[in-house]
Amino acid sequence: MTMLEIKNLHVRVEDQEIIKGLDLTVNPGEVHAVMGPNGSGKSTLAQVLAGKDEYEVTEGEVRYKGEELLELAPEERAREGLFLAFQYPVEIPGVSNVYFLKAALNAIRKHRGQEEMDAMDFLSYVREKMSVVKMDESLLNRPVNEGFSGGEKKRNEIFHLSVLDPTLAVLDETDSGLDIDALKIVADGVNSLRSPDRAFVVITHYQRLLNYIVPDKVHAMIDGRIVESGGKELAHELEEKGYAWLEERVAAGEAASAPSS
Amino acid sequence: MSTVEHLTGEYQKFVQDLSGDWPSALTERRRQAIERFGEIGFPSRRAEQWRFINLNPITETTFRLPESFNGFGAAELEPYVYDGCHQIVLVNGRFVAEHSRLGDLPEGVIVASLATAAAEHAELVERYVGRFAKFDDHPFVALNTAFLRDGAFIYVPKGVVVEEPINLICLGLPEAEPVAFYPRNLIVAEESAQVTVVEQYASLGDGSYMTSPVTEVAAGANAVIDHYKLQRESTEAIHMATFQIHQQRDSNVSSHSISWGGGLVRNDVNAVLDGEGCESTLNGLYMVEGEQQIDNHMRVDHAMPNCDSHELYKGILEGRARAVFNGLIHVHKDAQKTDAKQTNRNLLLSKEALVNSHPQLEIFADDVKCTHGSTTGHLDDVAVFYLRSRGIGEEAARSLLTYAFAADIVERIKVGAVRRELEEFLFRRLPRGEVVRQAV
Ligand SMILES: Nc1ncnc2c1ncn2[C@@H]1O[C@H](COP(=O)(O)OP(=O)(O)OP(=O)(O)O)[C@@H](O)[C@H]1O
Ligand SMILES: [Mg+2]
Chain A
1 MTMLEIKNLH VRVEDQEIIK GLDLTVNPGE VHAVMGPNGS GKSTLAQVLA
51 GKDEYEVTEG EVRYKGEELL ELAPEERARE GLFLAFQYPV EIPGVSNVYF
101 LKAALNAIRK HRGQEEMDAM DFLSYVREKM SVVKMDESLL NRPVNEGFSG
151 GEKKRNEIFH LSVLDPTLAV LDETDSGLDI DALKIVADGV NSLRSPDRAF
201 VVITHYQRLL NYIVPDKVHA MIDGRIVESG GKELAHELEE KGYAWLEERV
251 AAGEAASAPS S
Chain B
1 MSTVEHLTGE YQKFVQDLSG DWPSALTERR RQAIERFGEI GFPSRRAEQW
51 RFINLNPITE TTFRLPESFN GFGAAELEPY VYDGCHQIVL VNGRFVAEHS
101 RLGDLPEGVI VASLATAAAE HAELVERYVG RFAKFDDHPF VALNTAFLRD
151 GAFIYVPKGV VVEEPINLIC LGLPEAEPVA FYPRNLIVAE ESAQVTVVEQ
201 YASLGDGSYM TSPVTEVAAG ANAVIDHYKL QRESTEAIHM ATFQIHQQRD
251 SNVSSHSISW GGGLVRNDVN AVLDGEGCES TLNGLYMVEG EQQIDNHMRV
301 DHAMPNCDSH ELYKGILEGR ARAVFNGLIH VHKDAQKTDA KQTNRNLLLS
351 KEALVNSHPQ LEIFADDVKC THGSTTGHLD DVAVFYLRSR GIGEEAARSL
401 LTYAFAADIV ERIKVGAVRR ELEEFLFRRL PRGEVVRQAV
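Line by line, the protein sequences give chains A and B. Numbering of the first sequence is given in the working numbering, commencing with residue 1 and proceeding in unit increments. Numbering of the second sequence is given in the working numbering, commencing with residue 1 and proceeding in unit increments.
The shape of chain A in the complex, shown without the other chains:
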């Protein structure tokens, strides 16, 4: 079965259309990279998939493991195995990282009919996952993301990802602003989680990440649509040539399809 199938998606925010007819199909086991210039709607797509309600879907459909994704509340999507690593992870003063993860993991386990983990089991489970992202254990007891450096926040997202063990993970610029060591850690984390029944959508600006996470497909997103798809060589092409050639093509296409007066 297809993991994710997006058809003709249109999304509006505050009377402005941001996603303008987007199609994307992701199969289990695949890693898709989505690249595009600033403001092209990548994060909007990611947030819509996660269920942020200030975005209004005006047209189109999204199927996740065959189900209507858009019908589900954000927490139901997460419990069904969808995970979004935020471009800007949110600071939550007063909620420690470890409490947060325990509440999240137990909500997901309960939904799956598994027993809730007790404090001891949870801790050893979490420690094991921390070593994957080489995260300092002190970050466990700190409030979620509060006072974390940029790199720590991104690593924390991957840490959450590995603890929550999702089926489909969307990473929104998890690589941005990372030095090469941190980038490798993030990439290793993702690679270690790659499996035939898991899929990733990796949103990025930089081809560099794709040297470490080798994608099955690369998509170029311009102005709310995917306008070009290809293999990993497309990422190199985008890095070299930028997006202007695609933007021109889109503009030309729009001109061609515009009603002549």
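Among the clues, some could well be false.
Simulated pairs of lysine to any residue, SDA-like, Cα-Cα distance not exceeding 25 Å [as the list claims (entries may be wrong)]: (1) Lys232(A) x Tyr212(A); (2) Lys52(A) x Val382(B); (3) Lys351(B) x Ala73(A); (4) Lys414(B) x Leu140(A); (5) Lys351(B) x Gly94(A); (6) Lys414(B) x Pro143(A); (7) Lys110(A) x Arg429(B); (8) Lys110(A) x Val440(B); (9) Lys129(A) x Val440(B); (10) Lys52(A) x His378(B); (11) Lys351(B) x Glu14(A); (12) Lys351(B) x Tyr55(A); (13) Lys52(A) x Glu394(B); (14) Lys129(A) x Ala383(B); (15) Lys52(A) x Leu379(B); (16) Lys52(A) x Lys341(B); (17) Lys232(A) x Ser192(A); (18) Lys341(B) x Tyr55(A); (19) Lys110(A) x Lys341(B); (20) Lys65(A) x Lys341(B); (21) Lys110(A) x Arg428(B); (22) Lys52(A) x Ser350(B); (23) Lys341(B) x Glu91(A); (24) Lys52(A) x Val384(B); (25) Lys414(B) x Asn141(A); (26) Lys414(B) x Gly94(A); (27) Lys110(A) x Arg437(B); (28) Lys110(A) x Glu434(B); (29) Lys110(A) x Glu395(B); (30) Lys110(A) x Val384(B); (31) Lys414(B) x Pro93(A); (32) Lys414(B) x Arg142(A); (33) Lys184(A) x Lys217(A); (34) Lys52(A) x Lys414(B); (35) Lys52(A) x Lys351(B); (36) Lys414(B) x Ser138(A); (37) Lys341(B) x Leu140(A); (38) Lys341(B) x Gly94(A).
In case anyone wonders, no lab produced these hints; they're calculated from the structure.
On the provided structure of chain A, position chain B with the ligands as indicated by the hints.
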């Protein structure tokens, strides 16, 4: 007859009924206080210090002096008893010996009812009671002083450390008619002494009454006093309290005021830092819902140089509840190198809840560090979404974030029993408290 006239009349009965040996200075102080109360009466709605709070429930009620001071069993007291504490029980403002436990106290320490202390330690009572809490322009301090009769008297002599907290349980026992009573408490720690006091307010049953306590705290040089107040009376109760702190050099006083009960609640917390090197920590957490009103009025006087004060008051409001915060830091001319910080934060969980917050600074010294701030807002939608996107249900996410809002006050409570009491309350109050309990 107006409420003021009525209360003045009650005073005559009260004085006739008053038994025991009282220092003449106190008798005189009572007389002056009722006279002053007769002059100032209750504040109008326009009075600066009483704006935003509706005192009609007081001015429209005929309060009598209480007649019952006992008639309940150990089971009813149970919820307020903390193991490992000395215990003083007051009911409708009067000491109840049979429920009090004054265990082994270090040499020289006095923990007694005020009435007993007035007879046995007249000199101390005279020296301290009414010395710091001024009634000139405060009707409730005036009433409390006029009707001064009983309360807790805690005295720790020089250099003595009282290890176990003293648990002062002040219970309201409603009668057929509304009653008003005025517990008068005194906590003195002489030079280098140390004591922890828990002051609880609760109701034995429903029914309206007013408790109007005054607690005076005198910290001698280098003394350490930790005070916790837990106010959880029934919503039919009115609570009008003054907490008056006086600190001498190098003393360290902390006060945590936790309040979730009462229909109409006012806490005046005043601290005078009257020697160099003092530290004063005044924290509070109020949680109100329905039609509850709470007003926290703080005043910190930095009278001398090199003192620190930190105030953090947080409120969680639901329903049509209303909170007032008024905080004044007054730095006197000579109080150089003052470091004063005052913060009030309010979390609104409903559309109808209302907050009036007024942090203020009055600074007459030029080399000081003073900050104040106030915020009032709803839960952060982005944070709620972030939690939900990780699988936590919406209600649970809101409960977790609400708990988190309160957590930094909870964590500062050093007396385990009080901290657990507050945690349990939060777990009960929050819609998905069990998720929070499980997570934290
Ligand atoms: N909540 C919002 N309210 C108003 N406009 C928004 C909102 N969210 C996004 N937009 C607008 O939608 C457009 C797309 O934003 P989005 O964040 O999806 O772009 P992006 O491709 O992720 O960009 P970047 O590469 O900079 O992260 C931008 O013009 C942005 O200003
Ligand atoms: Mg983005």
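Against the structure, the hints:
Using a Cα cut-off of 25 Å, the hinted pair Lys232(A) and Tyr212(A) holds, with the two alpha carbons roughly 12 Å apart. For the suggested pair Lys52(A) and Val382(B), the alpha carbons sit about 9 Å apart, so the restraint of at most 25 Å is met. Pair hint Lys351(B) plus Ala73(A) holds up; C-alpha atoms about 23 Å apart against a cutoff of 25 Å. The hinted pair formed by Lys414(B) and Leu140(A) meets the criterion: a straight-line CA distance of about 24 Å does not exceed 25 Å.
Taking the CA atoms of Lys351(B) and Gly94(A), the gap is about 24 Å. The hint holds against a cut of 25 Å. Annotation: proposed proximity of Lys414(B) to Pro143(A) holds, straight-line Cα distance about 21 Å (limit 25 Å). For the given pair, Lys110(A) sits about 24 Å from Arg429(B) by alpha-carbon distance, which is consistent with the 25 Å threshold. In summary, the hint linking Lys110(A) to Val440(B) is supported, as the alpha carbons are separated by about 18 Å, within the 25 Å threshold.
Restraint check for Lys129(A) and Val440(B): satisfied, since their Cα atoms lie roughly 20 Å apart, inside the 25 Å limit. Between Lys52(A) and His378(B) the CA atoms are separated by roughly 18 Å; this keeps the pair inside 25 Å, and the hint holds. A threshold of 25 Å between alpha carbons decides the hint, and for Lys351(B) with Glu14(A) the separation of about 23 Å falls inside it, so the pair holds. Note on Lys351(B) and Tyr55(A): the hinted pairing holds, with a Cα-Cα distance of about 23 Å set against a maximum of 25 Å.
Our distance criterion of 25 Å between C-alpha atoms is met by Lys52(A) and Glu394(B), whose separation comes to about 12 Å. Of the pairs offered as hints, the one joining Lys129(A) and Ala383(B) holds, with about 24 Å between alpha carbons and a cut-off of 25 Å not exceeded. Between Lys52(A) and Leu379(B), the direct Cα distance comes to roughly 16 Å. Compliance with the 25 Å bound is thereby established for this hinted pair. A C-alpha spacing of about 38 Å is found between Lys52(A) and Lys341(B), which places the hinted pair above 25 Å, so the restraint is violated.
For the suggested pair Lys232(A) and Ser192(A), the alpha carbons sit about 20 Å apart, so the restraint of at most 25 Å is met. Restraint check: the Cα-Cα separation between Lys341(B) and Tyr55(A) comes to about 41 Å, which exceeds 25 Å; the hinted pair is violated. Our distance criterion of 25 Å between C-alpha atoms is broken by Lys110(A) and Lys341(B), whose separation comes to about 45 Å. Restraint check for Lys65(A) and Lys341(B): the C-alpha separation of about 54 Å exceeds 25 Å, so the hint is violated.
Annotation: proposed proximity of Lys110(A) to Arg428(B) holds, straight-line Cα distance about 22 Å (limit 25 Å). Proposed proximity of Lys52(A) and Ser350(B) is supported: the alpha carbons are some 22 Å apart, at most 25 Å. Proximity of Lys341(B) to Glu91(A) is assessed by CA-CA distance (about 24 Å); at most 25 Å being required, the pair is judged to hold. Distance hint between Lys52(A) and Val384(B) is fulfilled; the C-alpha atoms sit about 10 Å from each other, no more than 25 Å.
For the given pair, Lys414(B) sits about 20 Å from Asn141(A) by alpha-carbon distance, which is consistent with the 25 Å threshold. Taking the CA atoms of Lys414(B) and Gly94(A), the gap is about 18 Å. The hint holds against a cut of 25 Å. Taken as a hint, the Lys110(A) and Arg437(B) pair is honoured in the structure, with Cα atoms around 16 Å apart against an allowance of 25 Å. With a C-alpha separation of about 14 Å, the suggested pairing of Lys110(A) with Glu434(B) holds against the 25 Å cut-off.
Among the hinted pairs, Lys110(A) with Glu395(B) is consistent with the structure: their alpha-carbon atoms are about 16 Å apart, no more than 25 Å. Between Lys110(A) and Val384(B), the direct Cα distance comes to roughly 20 Å. Compliance with the 25 Å bound is thereby established for this hinted pair. As the CA atoms of Lys414(B) and Pro93(A) are separated by approximately 21 Å, the hinted pair is consistent with the 25 Å bound. A C-alpha spacing of about 20 Å is found between Lys414(B) and Arg142(A), which places the hinted pair at or below 25 Å, so the restraint holds.
For the hint pairing Lys184(A) with Lys217(A), the CA-to-CA distance comes to about 20 Å; that is within 25 Å, so the pair holds. Of the supplied pair hints, the one linking Lys52(A) and Lys414(B) is violated, its CA atoms being roughly 40 Å apart against a limit of 25 Å. Distance restraint check for Lys52(A) and Lys351(B): the Cα-Cα separation of roughly 22 Å lies within the 25 Å cut-off, and the hinted pair is therefore satisfied. As the CA atoms of Lys414(B) and Ser138(A) are separated by approximately 23 Å, the hinted pair is consistent with the 25 Å bound.
Among the hinted pairs, Lys341(B) with Leu140(A) is inconsistent with the structure: their alpha-carbon atoms are about 30 Å apart, more than 25 Å. For the given pair, Lys341(B) sits about 20 Å from Gly94(A) by alpha-carbon distance, which is consistent with the 25 Å threshold.
Checked against the numbered hints given earlier, the structure breaks hints 16, 18, 19, 20, 34 and 37 and satisfies all the rest.
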